[in-house]
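Peer 1: As a plain string of letters, each chain reads:
There are 2 protein chains.
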Amino acid sequence: MKIAIVGLGLIGGSLGIDLRSQGHEIIGISRQANTCQIALETGVVDRASMDFEIVKNAEIVVICTPIESIAPTLTKLIPYLTPEAIVTDVGSVKQPVVAACYPLWSNFVGGHPMAGNTKSGINAAQADLFKGAAYVFTPTPETNAIAVEILRELALSLGAIPYLCTPAIHDRAVSLISHLPVIISASLIATCLTTEPDTLDLAQKLASSGFRDTSRVGGGNPELGVMMAKYNQTELLNSLSIYRDRLDSIIDSIERKDWHNLEQILQTNQAARPKFLKD
Amino acid sequence: MKIAIVGLGLIGGSLGIDLRSQGHEIIGISRQANTCQIALETGVVDRASMDFEIVKNAEIVVICTPIESIAPTLTKLIPYLTPEAIVTDVGSVKQPVVAACYPLWSNFVGGHPMAGNTKSGINAAQADLFKGAAYVFTPTPETNAIAVEILRELALSLGAIPYLCTPAIHDRAVSLISHLPVIISASLIATCLTTEPDTLDLAQKLASSGFRDTSRVGGGNPELGVMMAKYNQTELLNSLSIYRDRLDSIIDSIERKDWHNLEQILQTNQAARPKFLKD
Numbered sequence: 000m001k002i003a004i005v006g007l008g009l010i011g012g013s014l015g016i017d018l019r020s021q022g023h024e025i026i027g028i029s030r031q032a033n034t035c036q037i038a039l040e041t042g043v044v045d046r047a048s049m050d051f052e053i054v055k056n057a058e059i060v061v062i063c064t065p066i067e068s069i070a071p072t073l074t075k076l077i078p079y080l081t082p083e084a085i086v087t088d089v090g091s092v093k094q095p096v097v098a099a100c101y102p103l104w105s106n107f108v109g110g111h112p113m114a115g116n117t118k119s120g121i122n123a124a125q126a127d128l129f130k131g132a133a134y135v136f137t138p139t140p141e142t143n144a145i146a147v148e149i150l151r152e153l154a155l156s157l158g159a160i161p162y163l164c165t166p167a168i169h170d171r172a173v174s175l176i177s178h179l180p181v182i183i184s185a186s187l188i189a190t191c192l193t194t195e196p197d198t199l200d201l202a203q204k205l206a207s208s209g210f211r212d213t214s215r216v217g218g219g220n221p222e223l224g225v226m227m228a229k230y231n232q233t234e235l236l237n238s239l240s241i242y243r244d245r246l247d248s249i250i251d252s253i254e255r256k257d258w259h260n261l262e263q264i265l266q267t268n269q270a271a272r273p274k275f276l277k278d
Numbered sequence: 000m001k002i003a004i005v006g007l008g009l010i011g012g013s014l015g016i017d018l019r020s021q022g023h024e025i026i027g028i029s030r031q032a033n034t035c036q037i038a039l040e041t042g043v044v045d046r047a048s049m050d051f052e053i054v055k056n057a058e059i060v061v062i063c064t065p066i067e068s069i070a071p072t073l074t075k076l077i078p079y080l081t082p083e084a085i086v087t088d089v090g091s092v093k094q095p096v097v098a099a100c101y102p103l104w105s106n107f108v109g110g111h112p113m114a115g116n117t118k119s120g121i122n123a124a125q126a127d128l129f130k131g132a133a134y135v136f137t138p139t140p141e142t143n144a145i146a147v148e149i150l151r152e153l154a155l156s157l158g159a160i161p162y163l164c165t166p167a168i169h170d171r172a173v174s175l176i177s178h179l180p181v182i183i184s185a186s187l188i189a190t191c192l193t194t195e196p197d198t199l200d201l202a203q204k205l206a207s208s209g210f211r212d213t214s215r216v217g218g219g220n221p222e223l224g225v226m227m228a229k230y231n232q233t234e235l236l237n238s239l240s241i242y243r244d245r246l247d248s249i250i251d252s253i254e255r256k257d258w259h260n261l262e263q264i265l266q267t268n269q270a271a272r273p274k275f276l277k278d
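Quick mapping for you: the protein sequence lines, in order, are chains A and B.
Positions 0 to 278 (numbering that gives the first Met the number 0) are the ones given, in order, by the first sequence.
Positions 0 to 278 (numbering that gives the first Met the number 0) are the ones given, in order, by the second sequence.
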């Protein structure tokens, strides 16, 4: 197939490497001439350009830009798309993206490959980035079932595990397991920073694996943290509201010295956590 | 030196292995005959008994029982101690332990070696458990300085990094970096479990490293979680109160769409977190 990738960063570049190695013809589009050149030189794409005209006759177009640019990018692409072209994206939030893009292009299917690492840019692109990772597609009830099936097969060909759900359920689930952890972890670091110098000094010396793990996502990339709060605001605030209730209930147990209730909560957690972990 | 270890679990047993290998004479006391036998057979101790009389003439006594048994154990030990004997403990909370033990024995110095793993019991005892770990001692202003210095040297001989501070600063610091993470992590798991079945199912499938790390200590040993809340209740509640303020302030920024403020908080966190991590 002829597959166009718009935005050649870590995700777009890694998609190019894997799909090209399967024999697909890969067309790359980037806003930067330098990125196009690197993508060509490193074999990530067959052809690359800063001009959207290059997507002509592509059967699948994957928009790998930051979330805020997805719909504007689709608008610029439309003049060059054949009517059958399937367009998907890789944004980490789906309701605003699908709401903006589906009316523009009926063969648009929201997508979210849940892969990545701490690096970014075309030079971080790597083979097999999606192997074993979840890849969520969020069709609407009206979405062409064949388009969804073609993308599902493409995800499988990357070694990813495809899931189908509504944009709302996707956004709610990632607010719980991805965005909420960032905020509660950030609040932990912020709490430690309010303490008096002697205690802060000792806390820094004594902190070990428990603190390291619980503070990791809250001490990560600030731009990513803001982006997820901005684009998944409603679901994140809803998850935060439930979180505050659960936290208050535990604080209440500790205040009342209801150790039995605290132990029950912790026992339920201990039993439930393995269901969230990959085998 | 003649060193007695009361309570031969992971910590007591591992202390025995390291100190005996340095040439100290190690006396073990356990409530269970079977534990005494294993400690003898595996070379953790030179002699072992269920009878406290065996500690006679010990220069240092390390009480390695659960927190609630530390003061009662000291009371039982006193009839057999020589006046110069230095007594320390390994409990993870220091204010209630020091308040109960120092009036009983003026050569008592609270201690907290911050080492361990997920295993417990004499069979989990291992060499070099304390290598590179923080080892906190919490003398009072009246504590014999020589006793503190002897214990500090002992910690250094284990390869641990000794720190001296007041019991209050110790308890405040561990409430921040060890006990608070358990509660906020537990509240995260509890939040996910309140969601409707479709979202919970997808959340379990999509959860990856961010959720795994942030939920780890909240899905751990329930008895340990209850114990730290029980014995460090005041400091933990104080830390939780500050945490709620920090959390509310972030929630407020998200509600008001004050992305600039959210980004500043996350930038401060990103810059501050490395100071809590070991080199």
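Don't read these hints as lab results, they were simulated from the structure.
Fair warning: this is a prediction, and the values are worked out from it, not measured in the lab.
Yeah, the Cβ is synthetic: ideal placement off N, Cα and C, and Gly gets one too.
Treat the hints with care, as some may be off.
To be verified - When the alpha-carbon atoms are kept at most 30 angstroms apart in a straight line, the in silico DSBU-like pairs for lysine-lysine are as follows:
1. 130/B x 204/A
2. 277/A x 277/B
3. 130/B x 256/B
4. 229/B x 277/A
5. 118/A x 204/B
6. 118/A x 256/A
7. 274/B x 274/A
8. 204/A x 118/B
9. 274/B x 118/A
10. 229/B x 256/A
11. 229/A x 204/B
12. 229/A x 274/B
13. 277/A x 256/B
14. 229/B x 130/A
Claimed, not checked - Calculated from the model, a selection of chain A residues having no Cβ within reach of chain B, i.e. all distances over 10 angstroms:
15. 22
16. 127
17. 169
18. 176
19. 180
20. 190
21. 213
22. 248
23. 266
Stated by the list, open to error - Using C-beta positions, here's what the derived DEER-type ranges look like:
24. 74/B x 257/A: 27 to 37 angstroms
25. 144/A x 208/B: 28 to 38 angstroms
26. 276/A x 119/B: 43 to 53 angstroms
27. 141/B x 119/A: 49 to 59 angstroms
28. 233/A x 67/B: 42 to 52 angstroms
29. 42/A x 236/B: 29 to 39 angstroms
30. 240/B x 270/A: 25 to 35 angstroms
31. 273/A x 131/B: 42 to 52 angstroms
Peer 1: Decide, hint by hint, whether the structure agrees.
Peer 2: Going through the hints against the structure:
1. Pair hint residue 130/B plus residue 204/A holds up; C-alpha atoms about 15 angstroms apart against a cutoff of 30 angstroms.
2. Restraint check: the Cα-Cα separation between residue 277/A and residue 277/B comes to about 28 angstroms, which is no more than 30 angstroms; the hinted pair holds.
3. Between residue 130/B and residue 256/B the alpha-carbon distance is near 47 angstroms, which puts this suggested pair outside the 30 angstroms criterion.
4. Note on residue 229/B and residue 277/A: the hinted pairing is violated, with a Cα-Cα distance of about 33 angstroms set against a maximum of 30 angstroms.
5. Restraint check: the Cα-Cα separation between residue 118/A and residue 204/B comes to about 24 angstroms, which is no more than 30 angstroms; the hinted pair holds.
6. With a C-alpha separation of about 46 angstroms, the suggested pairing of residue 118/A with residue 256/A is violated against the 30 angstroms cut-off.
7. Between residue 274/B and residue 274/A the alpha-carbon distance is near 33 angstroms, which puts this suggested pair outside the 30 angstroms criterion.
8. Distance restraint check for residue 204/A and residue 118/B: the Cα-Cα separation of roughly 24 angstroms lies within the 30 angstroms cut-off, and the hinted pair is therefore satisfied.
9. Among the hinted pairs, residue 274/B with residue 118/A is consistent with the structure: their alpha-carbon atoms are about 22 angstroms apart, no more than 30 angstroms.
10. Among the hinted pairs, residue 229/B with residue 256/A is consistent with the structure: their alpha-carbon atoms are about 7 angstroms apart, no more than 30 angstroms.
11. For the hint pairing residue 229/A with residue 204/B, the CA-to-CA distance comes to about 24 angstroms; that is within 30 angstroms, so the pair holds.
12. Of the pairs offered as hints, the one joining residue 229/A and residue 274/B holds, with about 29 angstroms between alpha carbons and a cut-off of 30 angstroms not exceeded.
13. Using a Cα cut-off of 30 angstroms, the hinted pair residue 277/A and residue 256/B is violated, with the two alpha carbons roughly 34 angstroms apart.
14. Only pairs whose Cα atoms come within 30 angstroms are accepted, and residue 229/B paired with residue 130/A is rejected, the gap being roughly 45 angstroms.
15. Taking the minimum C-beta to C-beta distance to chain B, about 30 angstroms, the non-interface status of residue 22/A holds against the 10 angstroms cut.
16. Listed as outside the interface, residue 127/A is consistent with that label: its C-beta sits roughly 16 angstroms from the nearest C-beta of chain B, beyond the 10 angstroms cut-off.
17. Separation of residue 169/A from chain B is inadequate, the least Cβ-Cβ distance of about 7 angstroms not exceeding the 10 angstroms criterion.
18. Not every CB of chain B lies more than 10 angstroms from the CB of residue 176/A, the least distance being 4 angstroms, so the non-interface label is violated.
19. Not every beta carbon of chain B lies more than 10 angstroms from that of residue 180/A, the smallest distance being close to 4 angstroms; the non-interface claim is violated.
20. At the 10 angstroms boundary, the C-beta of residue 190/A falls inside the reach of chain B, the nearest C-beta of that chain being 4 angstroms off.
21. With a cut of 10 angstroms on Cβ distances, residue 213/A falls inside the contact zone with chain B, its closest approach being about 4 angstroms.
22. With a cut of 10 angstroms on Cβ distances, residue 248/A falls inside the contact zone with chain B, its closest approach being about 8 angstroms.
23. Residue-level check failed: residue 266/A sits 5 angstroms from the nearest beta carbon of chain B, not beyond 10 angstroms.
24. In this structure, residue 74/B and residue 257/A meet the distance hint of 27 to 37 angstroms, their C-beta atoms being roughly 29 angstroms apart.
25. Look at residue 144/A against residue 208/B: about 33 angstroms separates their beta carbons, and that is inside 28 to 38 angstroms.
26. At roughly 22 angstroms, the beta carbons of residue 276/A and residue 119/B sit outside the given window of 43 to 53 angstroms.
27. Hint check: residue 141/B to residue 119/A, Cβ distance near 57 angstroms, so the stated range 49 to 59 angstroms holds.
28. Separation of residue 233/A from residue 67/B is about 47 angstroms and conforms to the stated range, judged on CB atoms against 42 to 52 angstroms.
29. Taking the beta carbon of each, residue 42/A and residue 236/B are about 59 angstroms apart, not inside 29 to 39 angstroms as hinted.
30. Our hint of 25 to 35 angstroms for residue 240/B and residue 270/A holds, since their Cβ atoms are close to 29 angstroms apart.
31. The supplied range of 42 to 52 angstroms is broken by residue 273/A and residue 131/B, whose beta-carbon atoms lie about 30 angstroms from each other.
Checked against the numbered hints above, the structure breaks hints 3, 4, 6, 7, 13, 14, 17, 18, 19, 20, 21, 22, 23, 26, 29, 31 and satisfies the rest.
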